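Asker: Single-letter residue listing:
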Amino acid sequence: MTDNFPGGPVKGPFDPSSSANLADASRTARAEDPTEVPPDSAAVPLVKPTMAVMAEVVPDVQDVAEARSLWMDAWITMRRRPLFWISVALIAVFVLMAAFPQLFSPLDAYNIKDACDLNRARLGPDADAIFGYDLQGCDVYARTIYGARSSILVGIFTTLLATAIGVLLGTMGGFIGRWIDTLMSRTADIFFAIPLLLGGIIILYSFPSSPDTPYLLQVFKVVFAMAVLGWPNIFRIMRSSVMQVKPAEYVMAARALGGNAPHVIMGHIIPNAIAPVIVVATIDLGAYIATEATLSFLGIGLQNPIISWGIDISAASALGYVRQAPHMLIFPSIFLSLTVLAFIMLGEVVRDALDPKLK
Amino acid sequence: MTQDVAAKHQAGVAARKAEMRAAQLAAGVEHLLEVKDLHVEFRMQDGVAKAINGVSFHLDERETLAILGESGSGKSVTAQAIMGILDTPPGYVTGGEVLFQGTDMLKMTYRERAKYRGPKISMIFQDALSSLNPVFPVGWQIAEMFRKHRGMNRSDAYAEAVRLMERVKIPAAKERVKAFPHQFSGGMRQRIMIAMAISLDPWVLIADEPTTALDVTVQAQIMDLLKELQEESGMGLILITHDLGVVASVADRIAVMYAGRLVETSAIGPLYAHPLHPYTKGLLESVPRLDQKGQELLAIGGLPPNLLRMPEGCPFNPRCRYAFDECRTGAPPPLREVEPGRFAACYVAGEV
Amino acid sequence: MGKFIVRRLLQMIPVILGTTFLIFMMVYALPGDPTDGRCGQRPCPPQYVEAFRREYNLDKPVIVQYLLYLAKLLTGDFGTAYNGKTVLHELSIRYPVTIKLALIAIAIEAVIGIAAGILAAIRKGKFIDNLVTVSTLLLISFPVFVIGGLCQLVFGLQLGWFPVTATEGTWEQLVLPGIVLASLSVAYTARLTRTSLVENLRADYVRTARAKGLTVPRTIAVHALRNSLIPVVTYIGASFGALMGGAIVTERIFNINGIGGYIYKSIHDRDGTALVGTVLCLVVVYLVVNLLVDILYGVLDPRMSHD
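Residue numbers (numbering that gives the first Met the number 0), protein chains in the order written: chain A, 0 to 358; chain B, 0 to 351; chain C, 0 to 306.
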């Protein structure tokens, strides 16, 4: 219903100003490539078998080289930008934190006996606990470190799932067209029409977690809720990107040579159409982390005793505590925001590098 | 608007212009518009592109000057520099004069110059669909000229817009004055562009590829309209094109541009009869002609030079079949008078 | 124009049916006990389960269930909360404060967002442009509840510029929550305005406007901006979805007794009917707003609606 204006009804996770032209990114870069084959070269191989052999080599080299040179150019641009390295470093730190929290905190935050002491509840930072203590007297630093895992897991899995669905359906819709495309686009419209947070609340209400639900199941529920609502984003971009790549000469050549559909799709279409999807998926990853924290903040996402920045911020943001013990609020807030920032920043740097025109 | 009133309007304009022209001549101003040694460059990330390198020409009343060249030769940039509508940055006028009735427009402030655009000098563009604002009715866009330059009220300005749409022969002008650009055909849209450009009876009209985007039949209609308007008002017309066919029927004089320089200027007849510059010769040979049916069509080999890496010597030398050592070193050959009234920038001009 | 509106209305119907069906399936028709967790902390009493199954026709085929459910929605029946009052009643006493909050947020979003975007676009590459780019990146990265908490701490408690809570929901109290609520959309609005204006300033018709001898302010403000604002205005309308989500968080932080606060309360009290009814109501409002935005788009861009 809203495919007519850039960005559409934005669900929060992505930037309408940037996605509008993203689908053009790979195409533009290709059009300006001076090494591009002249338009008639694809028609030639059909005539002579000897030429056909050549053409089989040529288009392959051509489009893979194009896809590669697009990323090579982007890489050359990116590696000169400090923002790229800052975001990569931040992401590396947070992923490491998620995988091996013990590297950062000698105290195991899940071990209540060691990490918490009710006598110290809400005390400010001291030499033992540089971020202070929370309501239960737990070490805020340890909890903040251990909270990274939930955010990173949810962010990565949601992005993988939403991207997998979106790329699969988007490629099918864009490549096959006809009623399959119509059906998929209309279905995507319906999922797209539900705002992420509101839809997430409904889904998680239908599949509630209780405090004794296993950790990974809780994470999976949140992942599922957001991926179900998030895939249309990727679907739309992939679909239009595929439709732009599909008429390209090398795809025509590959098809004319009798390349079967899966081969053409995997070998030619997806590599050339995926760039804008990667950009949006990276930016969305940050947004999913923020949304998970929001759901947990509202008490419907992950449940205590799981350690999540959203839960901790929620506990800390009761008015009395904000006044009395702001450290409980500030430190997890900073970590959460930095994580979201790192992914969104990376996505934007990649986007700028792929399509310098937008800058 | 009856024919009568329109004619009276034209007569009034002509009289006013004649008076001013007489004053100009008395003050010793030779030409209506004179461009002297114009230089324009584009400052970009990967270097400075010298788009215009010392272009000079002039234009008189009732005269049509065609500026001919491939895309990238600098012809549109020249027009935009004269109008003062270059995109700055990246485009900068770095030298020269643009004299309108003896006054150098390059020395004016933006505001002073803006007052010249419309009443003195005016311009139409290649793609009328993208050059008209998509969200305003065409009548509004024409009327804006009267409202902003003459302080007319809305309804009077609209009446003027209808008069102009009639003058450029748009059928049912009164009914269509509130329609939007996308609701017109390509030819009609170009007529609206023209109506807007001539609305304040300019002395000079610059037409930048006015017919390139149109069908062949419509092309002829638009050229006829321009000619007719010129005859009525006596304005000078600069016609920018890459199409020799369009030039032949309309222009009085022709200036051929290549890589930001004039390579040949001449009256139209002699140029067609025997071109002086090898580039002009190449252009003429690449036009399909009925009387040479069956012969091979000759295209000029190679591509225009990259403005960031101009070849040494004559910029045309890599593509020129007559080039010799001197063409490949030093400064480009200067424009010299090869025959009376005919100039060419080539060492072998006229001998080829 | 009339045809355009009708076409949009018709395109809207399957989306409304689809979303309500989706939500209905999820909440009522999936295997499992739909009354689970509807009655506070305890399991529901059997009479309640019985009444609930009857109310939602859970013994009938799914499609009939859905149609009857849809009929209820059309008459404004969004269910009955656990306290015995209808959801519609609960919403009717709460919506004024939420509307106030949304109006403040949209006003901030429009005024500051567009102004910042214009400044950045006409000073492209200069200091102000970089400032806008960096600050919007930060606003986008900081979740609403983080910004809310920090604003409350800094501007409410430490500096004392604004009231810390907005329990009564007066205009004055709602300013700070409004700013917090607007923070995300204001960033997107600024970025979209910038991109759109930068693009339009390069457009051919802007060159024409200069060739017409118009002043620079008029060229930008009338010719370029009029076109650039088309996607911006429609985005502001569409950002309504994000605003409603944000309102849940904002109203919880500032203790505002509006619809968002009600949703939070329903989650907290595990009052399922109230929660689903309210959220569904918001989704429908969002869809209707989107329809209006679509029509507005047609009004603003004659290419869309004048054939």
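No lab work stands behind these hints, which were simulated from the structure alone. Fair warning: this is a prediction, and the values are worked out from it, not measured in the lab. Virtual Cβ for every residue (Gly too), placed ideally from N, Cα, C. Each hint should be verified, as a subset may be incorrect.
[Said to hold, decoys possible] Here are the computed distance ranges between Cβ atoms for each label pair:
id, chain 1, residue 1, chain 2, residue 2, range
1, A, Met71, C, Thr166, 55 to 63 angstroms
2, C, Asn254, A, Gly123, 51 to 59 angstroms
3, A, Arg177, C, Arg6, 32 to 40 angstroms
4, A, Ile85, C, Lys84, 51 to 59 angstroms
5, C, Ala220, A, Val92, 33 to 41 angstroms
[To be verified] A short list of chain C residues far from chain A (calculated; beta carbon distances all over 10 angstroms):
id, residue
6, Phe126
7, Pro142
8, Gly240
9, Tyr263
Asker: Of the hints given before, which are not true for this structure?
Answerer: 2, 3, 5, 7, 8, 9
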